[in-house]
Amino acid sequence: MFKYTVKRLLGAIPTIFIIITVAFFLIRTAPGGPFDKERTVPPEVQANLNAVYHLDDPLWQQYVYYLKNVVQGDFGPSFQYRDYSVTELIGTGFPTSLTLGGIAILLALVLGATLGSIAALYQNSKIDYAVMATAMTGITIPNFVMAPLLTLIFGVYLSWLPVGGWGDSWNQAVLPIIALALPQIAYIARLTRGSMIEVLRSNFIRTARAKGLPHRSVITRHAMKAALLPVVSYLGPAAAAIITGSVVIEQIFGIPGIGRYFVQGALNRDYTLVMGVVIFYGTLIILFNLIVDLLYGYLDPKTRLQ
Amino acid sequence: MTDSIAPDLTPTQETEEVAGKSLWVDALGRLFKNSAALTSMIILTSITLAALLGPLISSHPFDEVYWDFIQAPPDFAAGHIFGTDSNGRDLFVRTLYGIQISLLVGVCATTVSLLIGVIYGAISGYMGGRTDNFMMRFVDILYSMPFMFFVILLMVYFGRNIILIFVALGAVEWLTMARIVRGQALTLKGREFVDAARAMGMTTPGIIRRHIIPNSLGPVVVYVTLTIPQVILVESFLSFLGLGVQEPMTSLGVLISEGAKQMESAPWMLLFPATILAVILFCFNFIGDGLRDALDPRDR
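Protein chains in written order, with this note's numbering: chain R, 1 to 306; chain D, 1 to 300.
Only chain R is shown next, with the shape it has when bound in the complex (with noise of 0.2 Å):
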């Protein structure tokens, strides 16, 4: 385990190694970026850009910089918000959409769980079809289709929830929630339902019932657990799909996160901002899918033995 974990770790770290070197060719290469001679920037940003990126060094020594830099957490200096760093900008969006998130995937979790299993426990009902229609629904309507329908429906129409803004009451944060959660609810409803069925005809099932042990524990206590393991290995592209989701739903929202520094600074042109946040989540969707590597490698004992 510990021989797989460390090898896992060093496996993560040629990636977010070529994300970097990516992110740093491409911001050269670019015609009217930031680094051309024809752009006029303020003499003070120009300062700054030369004092950071070392433009008067060679090519492959700006790369050793930057790497150091970005290595150390320090992504320059942003080009629209003068005064502020990019870092001091993610650090104040992170928080928020860290929050929208992580609520987010675990209503996913846990919903699409108790609908995928409800809708295989009672396949071919009517039940089993109504939620497998919705999965569908909601695993094909995108989410910025969703979440200006709902806007429209439960804010505008109904006026039951607040259209947009952020931490001033609990209620805000419902729409943008659901309408971030509802395809991954879908997708691990379907996942779920698939897996369980597939649990509930097997020997070890069989065993449970045949010994006496009521319905109730058989599904919580046997089935669920076995059930739940493709569900663990789709949480790593979930984190990655909320967090591209969260983009979107921060912008229709007007939620100060990530996402929205990240659209504007992509609308502006504003490129160390976009580079820092691609990187960052590059980083962050990265190690998560290696934590949910490693869980699965501890709950799954057939991938631990290889």
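Hints were generated in silico from the structure; no laboratory data involved.
It is possible that part of the hints are untrue.
[Stated by the list, open to error] Some residues of chain R that are not near chain D, with every Cβ distance over 12 Å (derived): (1) Ile127; (2) Met136; (3) Pro142; (4) Gly282.
[Said to hold, decoys possible] Each pair of labels, with its calculated beta carbon distance range: (5) Ala196/D <-> Leu229/R: 16 to 26 Å; (6) Phe2/R <-> Arg137/D: 38 to 48 Å; (7) Val174/R <-> Val167/D: 36 to 46 Å; (8) Thr131/D <-> Glu88/R: 42 to 52 Å; (9) Phe25/R <-> Thr131/D: 57 to 67 Å; (10) Pro61/D <-> Gln80/R: 31 to 41 Å; (11) His215/R <-> Thr39/D: 38 to 48 Å; (12) Gly165/R <-> Gln71/D: 17 to 27 Å; (13) Gly206/D <-> Leu106/R: 47 to 57 Å; (14) Ser59/D <-> Pro14/R: 53 to 63 Å; (15) Val71/R <-> Val65/D: 52 to 62 Å; (16) Asn215/D <-> Val71/R: 45 to 55 Å; (17) Gly194/R <-> Val167/D: 33 to 43 Å.
Small disclaimer: the values here were computed from a predicted structure and weren't measured.
Glycine is no exception: its CB is placed at the ideal position from the N, C-alpha and C atoms.
Dock chain D against chain R, hints included.
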């Protein structure tokens, strides 16, 4: 002439010839029996035809401003059946153009991903060994990257033109394709007809082209139908954020984004493009599922 060669096979005898059914004819038959897939194909064909022909027939150009109809609700008398947008342009024609662009992006980007993915996967699977290992590690590394962010990065750096969208999205979507084809190639290369081809002195590129690729097309076709909606989705996502297709050109994502801004005063601007996008995505998903069932009957 046939009579003299095969005198035994006269039509009167009971040796009625059974027409050979190829895998594809068989699959197509099953696909047409699947009502969800069939309905989806009909709807999708109608939408495509409407998007291609509609703008030619309609009396409203897609970029003309009607000053008397600024943000007007659907109005059959004036001929604006989807209403107009906040610049007074006919929403029906704009939606049709949006469908054209979205479908174009979907098909082109998928073609790019198909080309890269199939060639890469076939080579990797057929060569095997160290080459395979190296090529697939590379795919694994790319897999764990946040691709949406890289596409946005490309858009920011190289400007927002539509060719770049094709290439960027295609370059993102080929990974799964490569994995699927590799898996197929791995099983195919142990088969007798590949051995026979090799024994006859066929070159490796020849075997890959003549035997490996054509025989792995089944799963590829299924995946293609599932990739198109995915690409349409990503393009709409980018356009929604303002990073995709630019004015006065339009796509479903742009229209939905404009509609979302005006949804309180002009809900039709959101509802029409959003519904059509949802319908298109549903159709592709149903067709993809139908094709999978049709091509692989064991799965049912």
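Of the numbered hints stated previously, which ones are contradicted by the structure, given in increasing order? Failing hints, ascending: 2, 3, 4, 5, 6 and 9.
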